[in-house]
Amino acid sequence: MSIKTVKCFIAVISAIAFLSASFLPGQSAAQDQSPIKIGGLAILSGPLSGYGKTGPMGAELAVKEINAKGGILGRKVEYIVRDDEAKPDTGVRQARRLILEDKVNFLIGVTSSAVLLAVMEIAKENKTILVGTDAATARATGEKCNKYFFRTSNNAAQDSRSAAFIMAEKPYKKWAVIAPDYEYGHSMWDNFIGTLKKLKPDVEVVAEAWPKLNAEDYSPYITQVLQAQPEAVFSALWSAGNINFVKQAKPHGFFDKIQLFAIGAGLMYEVVKTLGNEIPFDKYWGSSRYFPFAEDKLIPDTPKNREFIEAYKAAYGDYPEYLAEETYAGIYFIKAMVEKAGSLDVEALIKAGEGLSFEAPEGTKYIRPEDHQVVEDVVWGRLGPSKKYPFPALVEYVIVPGSKATPPVEETGCKMQ
Amino acid sequence: MAFLFLQFLNGLNYGMVLSLISSGLSLVFGVLGVLNFAHGSLYMLGAYGAFTFLQYFQNLSMGFWLALLLSVLSVGIIGGIIEIVFLRPVYRRPHAYQLLLTYGLILILDDLVKMTWGTDYKVVPKPQALSGSVKFFGDAYPAYDLFIIFLGPLVALGLWVLVYKTRLGMFIRAASLDREMTDALGINVPALFTLVFMLGSCLAALGGALVGPIRTVSPGMGINIIIDAFVVVIVGGLGNLQGAFLGSLIIGQLESFGILIIPRFNIAFIFILTAIILITRPQGLVGKARI
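Chains as they are written, first to last, in the numbering used here: chain A, 1 to 417; chain B, 1 to 291.
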């Protein structure tokens with residue numbers, strides 16, 4: 001290669017470089033018109049897919065509403081959802097695809113706590129904001145917290161602390177637990193019984209039953225718990241687990257003697273709808289992240305909540321599962337965050353998200369700046385046959401304010417970086 | 001005492017459900033030489049079948065039993081179609097082909113179930129007569145669970161009589177020992193294989209239809225049970241009916257009493273037992289003596 005050719009080559013290269021550099025501003029101007037992309041992670045296959053798909057359904061509804069009203073900062077919103085199969089390695093792979101191939105601006109969703117903790121690392125690595133709308137492990141906004149992660153749904157500590165405040169007022173002293181034997185079940189129980197014992201020192205634990213997650217036959221555990229004669233049982237069984245347990249426990253005479261408190265899945269729409277009037281109404285208290293259907297009024301009785309339920313029914317012909325509402329709210333959190341920041345600059349977005357309050361169907365959600373955890377009310381209640389809905393509705397309920405349910409920042413172990 | 005007795009009944013109940021599933025699995029393996037992964041999916045179809053047929057007979061007093069019967073028969077027919085269309089071409093291929101094929105069937109059947117019935121949980125109501133409880137030493141035990149405990153041995157006995165005491169059973173046993181020879185003697189072996197696979201499918205469906213009222217019916221319910229059923233046939237001896245029954249009884253009691261000994265590790269008991277059997281007695285407790 002002669003010197004001349006080399007010079008010529010360099011000239012061509014620099015010309016290309018110069019030309020493309022001069023196009024860059026034009027390109028980013030064009031980008032401002034391009035859609036804001038949100039990447040969803042949800043369980044879309046396997047036994048949990050029926051429940052998992054309700055998250056994307058809520059997200060799609062929110063995106064449709066936002067786009068109909070002109071988008072966010074004048075830009076359309078695009079939602080791309082991928083199946084994490086409730087497996088950490090799949091979740092990690094799909095999160096990478098969403099960030100690197102689809103070039104999403106945000107990640108949202110994630111149902112399994114194990115998947116969430118793994119995906120959080122990917123989001124942090126790629127400096128992409130991840131909005132958690134379901135997985136409950138307190139560690140995500142505790143010792144594992146990082147500034148790219150926000151959670152707009154309650155965590156295990158809030159759910160179970162709120163339970164303890166309610167149970168402390170009840171007369172029961174002899175308690176037992178039945179919960180799936182993995183992180184979720186144990187952290188629910190530890191938080192609950194720890195708080196309850198502080199509030200009411202004479203509480204006694206008489207039996208612990210730890211079936212595996214998604215077990216189908218609970219009879220041996222039912223007999224084991226009955227043998228210990230507790231007055232109340234704390235259950236963190238999940239979805240089908242809770243349905244199977246209640247169905248199987250009833251003819252064992254469980255509900256003749258024992259009061260059941262079913263956290264999380266107790267008021268899951270899917271569970272309430274499936275069990276229907278088989279629920280032992282007098283002996284069954286439950287909670288959920290969102291179950292607004294009380295016989296006297298909606299909880300909360302706001303236009304936002306009414307409109308959401310109507311829009312959801314119109315779109316899908318069914319009432320919303322809590323996960324639909326949480327993911328719907330998560331999309332609106334992103335909207336509020338972008339509008340407050342005025343740009344898609346990640347640092348600016350994080351600043352905007354911290355301390356942000358926004359309206360969701362279930363009420364005001366406030367994002368605590370120190371750990372990026374939402375602070376919101378928790379509803380516990382008792383069901384009864386309904387004239388208003390085709391499934392049982394709440395006939396008695398207690399609302400624990402978020403400020404009371406949420407552990408103080410010092411207790412979470414979060415050191416934000 | 002009463003407590004231990006109830007716990008024994010719980011184990012017996014689960015054991016009998018397992019026995020229905022694993023006897024079909026073992027029968028099909030013993031005769032056809034195919035380890036049918038999709039056996040759990042047929043169990044699932046049995047549950048969905050009972051749910052669907054029950055919609056039509058809700059007002060009949062015998063509605064549950066009619067739905068159960070129709071479901072078992074329809075799954076039997078589906079099993080027959082699966083055998084003729086999918087399994088027949090691969091009998092002479094290596095085992096890996098059959099494993100892949102039946103595994104593929106799980107995915108297909110799961111998706112078909114989702115497309116037909118959706119992903120919502122389905123509820124099968126209990127038959128009126130069995131919805132109550134029976135008292136043992138003052139403690140309640142579900143009448144329906146008790147019914148399963150009685151039905152399990154009856155089905156196992158019926159199957160034993162069919163295989164060991166009838167002319168058809170003789171053909172089945174002959175075919176399981178030597179296909180070619182049985183064929184040469186003028187017995188229609190392909191038809192016999194189809195019949196055996198249909199019978200296996202019916203047993204799976206019966207299990208599925210029976211657990212409908214005590215468990216949720218959902219896509220993927222086959223996966224959970226098939227793992228336990230495999231453990232049962234490994235413990236009892238692959239392809240062996242008595243082994244399947246004995247294995248079911250053992251696994252049922254282990255599930256039930258395991259939680260009392262080391263509450264958090266009862267799942268481990270089952271796999272430890274399986275490992276011990278695999279190492280010390282790979283042919284299973286009863287042995288591999290074919291059907």
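Don't read these hints as lab results, they were simulated from the structure.
Hints are supplied without guarantee of correctness; some may be wrong.
[Unchecked claim] Keeping only pairs whose Cα atoms sit at most 25 Å apart, straight-line, the calculated BS3-like set for lysine-lysine is:
#1 A/K87 - B/K126
#2 A/K273 - B/K126
#3 A/K212 - A/K174
Everything numeric in this text was worked out from a predicted model, so none of it was measured.
message: Of all the hints numbered above, which does this structure not satisfy? Sort the numbers upward.
response: Violated hint: only 1; rest satisfied.
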